[in-house]
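Residues per chain are reported as follows:
There are 2 protein chains.
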Amino acid sequence: MQFDLITTDPSGARAGTITTAHGTIQTPIFMPVGTVGSVKAVTQEQLRTDVNAQIILGNTYHLYLRPGTDVLKQAGGLHKFNGWERPILTDSGGYQVFSLAANRKIKEEGVLFQSHIDGSRHLFTPENVMDIQRTIGADIVMAFDECPPYPSEYAYAKRSMELTHRWLDRCIKRLGETSPEYGHEQTLFPIVQGSTYKDLRKISAEAIASRNCAGNAIGGLSVGEPEAEMYEMCGLVTELLPVEKPRYLMGVGTPWNILNNIELGIDMFDCVMPTRNGRNGMLFTWQGVINIRNKKWATDFSPLDEQNPCTASQNYSKAYVRHLFIAGEILGMTLASIHNLCFYLELVKVAREQILQGTYGSWKREVVPQLKTRL
Amino acid sequence: MQFDLITTDPSGARAGTITTAHGTIQTPIFMPVGTVGSVKAVTQEQLRTDVNAQIILGNTYHLYLRPGTDVLKQAGGLHKFNGWERPILTDSGGYQVFSLAANRKIKEEGVLFQSHIDGSRHLFTPENVMDIQRTIGADIVMAFDECPPYPSEYAYAKRSMELTHRWLDRCIKRLGETSPEYGHEQTLFPIVQGSTYKDLRKISAEAIASRNCAGNAIGGLSVGEPEAEMYEMCGLVTELLPVEKPRYLMGVGTPWNILNNIELGIDMFDCVMPTRNGRNGMLFTWQGVINIRNKKWATDFSPLDEQNPCTASQNYSKAYVRHLFIAGEILGMTLASIHNLCFYLELVKVAREQILQGTYGSWKREVVPQLKTRL
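Line by line, the protein sequences give chains Y and X. The numbers in the first sequence follow our numbering, run straight up by one, and end at 375. The numbers in the second sequence follow our numbering, run straight up by one, and end at 375.
These aren't lab readings, by the way, just hints derived from the structure by calculation. Among these hints, one or two may not hold up.
Where chains are identical, the list cannot tell them apart; a pair therefore holds if satisfied intra-copy or between any two copies.
[Unchecked claim] Computed list of lysine-lysine pairs in DSS-like fashion (alpha-carbon distance at most 27 Å, straight line):
(1) K296 with K80
(2) K105 with K158
(3) K296 with K73
(4) K295 with K73
(5) K295 with K80
Please take these sequences and the hints and turn them into a complete structure.
What follows is the structure, encoded as structure tokens:
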């Protein structure tokens with residue numbers, strides 16, 4: 001994997017490219033979440049053509065449970081299994097083990113947990129999580145971390161962070177001892193933790209930077225803390241992470257979260273918000289946020305979003321999509337998901353253009369209030 | 001509307017074209033069902049490009065309740081509302097009033113019923129059902145009929161059929177007194193009833209033929225009667241319906257039902273089976289019927305169906321689609337629906353080619369056993 005930092009805007013926002021074995025990614029980038037190998041309610045053709053996704057994310061926890069590594073290995077990896085030939089990033093399962101699984105027990109060795117699907121017992125260790133991600137075959141793989149909840153006691157956050165750092169070294173070691181299963185390179189990103197404690201975030205950022213990995217991630221944010229704290233932690237960490245490597249803020253967020261964090265020097269984002277909120281009828285647009293179930297759209301026959309270039313936004317009216325939601329039609333969820341994902345990709349595309357022009361800061365201050373408007 | 005009968009195969013199967021204000025339809029044809037203005041889980045782009053649907057069906061009962069005629073009128077009709085610019089046929093609501101609505105009360109005037117959605121009370125009459133279909137704006141509109149259940153007592157079936165015939169005359173009168181709301185022609189198809197009684201079917205077919213409408217339909221079949229009875233009734237009726245007009249067998253059916261009824265002289269079909277069964281993981285193919293949830297497909301990485309030309313069948317493996325169903329992903333329902341609809345359209349397309357070659361009968365006898373095979 002190669003990262004080329006093209007420019008840093010006066011605001012601090014960065015534009016670059018990430019080159020992987022499955023293609024090049026223009027940063028800053030948003031990565032649609034394809035939890036079990038499917039970006040929910042969207043076909044791979046729609047992802048390519050309508051959404052223009054450059055990279056998607058898969059969840060190790062979910063893929064390990066279903067379809068399982070046996071199937072993925074026989075398929076030749078996730079790219080072959082789901083027919084997505086562009087880059088893929090997989091998380092490490094750390095977050096899901098803590099948010100979804102039952103009866104989890106954290107030990108030095110790893111995490112014992114029960115599947116949320118059938119209650120079966122499993123152990124995730126830094127080593128087997130690397131092995132699983134080898135079998136999934138993502139271009140970018142994440143270190144196994146503990147993601148502490150918000151709020152966490154200082155002592156807990158510190159112990160957890162230190163465990164994450166020890167696990168990181170085991171991840172690096174295991175990945176170094178194993179080879180890609182499908183011939184293409186896989187690149188490890190370690191994860192900065194430390195909850196909302198500045199000194200811990202600083203220690204963690206320095207520890208992570210010292211491992212000299214090809215890219216770095218920030219985890220444990222957007223888990224319930226006030227937005228101001230997220231921005232404070234993120235700004236503090238990006239100052240310590242190496243400039244010449246991409247920075248990935250995990251699980252973030254709203255359109256304005258993304259624009260504000262780009263200004264803090266973040267290059268990569270993922271979030272379920274465009275798809276999950278889309279399935280509930282919430283649409284993000286340049287004009288603001290739409291609840292498409294609202295009666296006010298019942299006879300608005302204008303396109304779902306004239307500014308958004310995808311077929312979902314252009315070929316269907318607000319009134320029709322509202323009708324689909326009120327009638328409980330799956331097509332409503334599909335169109336809203338495509339619209340939102342396309343909007344998120346447009347958002348980072350326009351952000352990149354502003355960065356390349358050196359006008360990011362003023363542009364961002366202008367658009368953020370509009371993006372937050374409730375229409 | 002114009003019907004051109006191009007040829008009748010020695011078997012009795014017919015090939016023709018139906019020309020409407022929204023385009024030409026090659027017959028025999030299968031019409032995907034778009035109940036509330038959406039073919040479930042499929043976008044209009046997928047319907048055009050992947051499924052190659054030539055005409056879709058809308059349900060008057062559902063569209064009347066949601067979004068309602070006010071919205072449809074303001075939209076400029078269903079074509080404008082859902083963005084489907086090819087032909088549309090709407091049923092009359094008769095079948096749904098009897099299968100879905102609560103507390104229905106049949107009177108000479110019409111049917112009093114309660115909405116299955118909110119219990120609200122409504123009255124359908126031949127006159128207002130024509131008015132509603134004027135507002136929906138379909139190219140082909142169906143007469144308001146009573147669809148008796150199977151089995152029905154002879155006396156009931158006879159009274160019901162006679163009521164349907166009286167209602168037909170009121171439909172014809174009303175449609176003659178009103179004009180299309182959006183400038184394009186709307187063509188009425190009356191419906192033959194008579195349950196499974198040969199003499200009633202004969203009386204009904206003659207009565208319907210005598211009205212000299214531009215096309216004719218057969219209703220009240222595939223409602224639980226043995227397949228042999230369906231074929232017997234259908235064959236009896238098609239012998240009495242005018243040769244030079246298209247014949248539409250409502251709500252039928254499996255791929256083999258369609259091929260057998262084509263041989264009996266049917267030109268048009270609709271059925272929820274490809275989409276409803278698709279959403280449950282049942283796939284129709286030239287090789288037979290697949291339950292994609294079956295464990296045997298877990299590591300079958302061959303395309304969903306190599307013979308089916310749509311992206312759903314070509315770009316996704318059986319193993320992947322099975323995984324989507326097991327994991328409860330919406331994408332599984334979408335891909336299975338597109339696959340099945342594309343297959344149904346391929347089925348009638350190949351049937352038409354065989355008819356044009358004069359080889360329909362032997363071809364049909366060869367493929368039907370294969371189509372029925374459980375894979």
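(request) Using 27 Å as the alpha carbon limit, work out where K296 and K80 are close: within a copy, between copies, both or neither. (result) Answer is between; shortest inter-copy Cα gap is 19 Å, intra-copy 44 Å.
(request) First find the shortest C-alpha distance between K296 and K73 inside one copy, then the shortest across copies, and answer within, between, both or neither for a cut-off of 27 Å. (result) between (50 Å within a copy, 17 Å between copies)
(request) Tell me, please, which holds for K105 and K158 at an alpha-carbon limit of 27 Å: within, between, both or neither? (result) Answer is within; shortest intra-copy Cα gap is 18 Å, inter-copy 72 Å.
(request) Indicate which option fits the pair K295, K80 if close means a Cα-Cα distance not exceeding 27 Å: within, between, both or neither. (result) For K295 and K80, the Cα distance is within 27 Å only across copies (20 Å; inside one copy 44 Å).
(message) If the cut is 27 Å between Cα atoms, do K295 and K73 qualify within a copy, between copies, both or neither?
(response) between (49 Å within a copy, 17 Å between copies)
Checked against the numbered hints given earlier, this structure breaks none of them.
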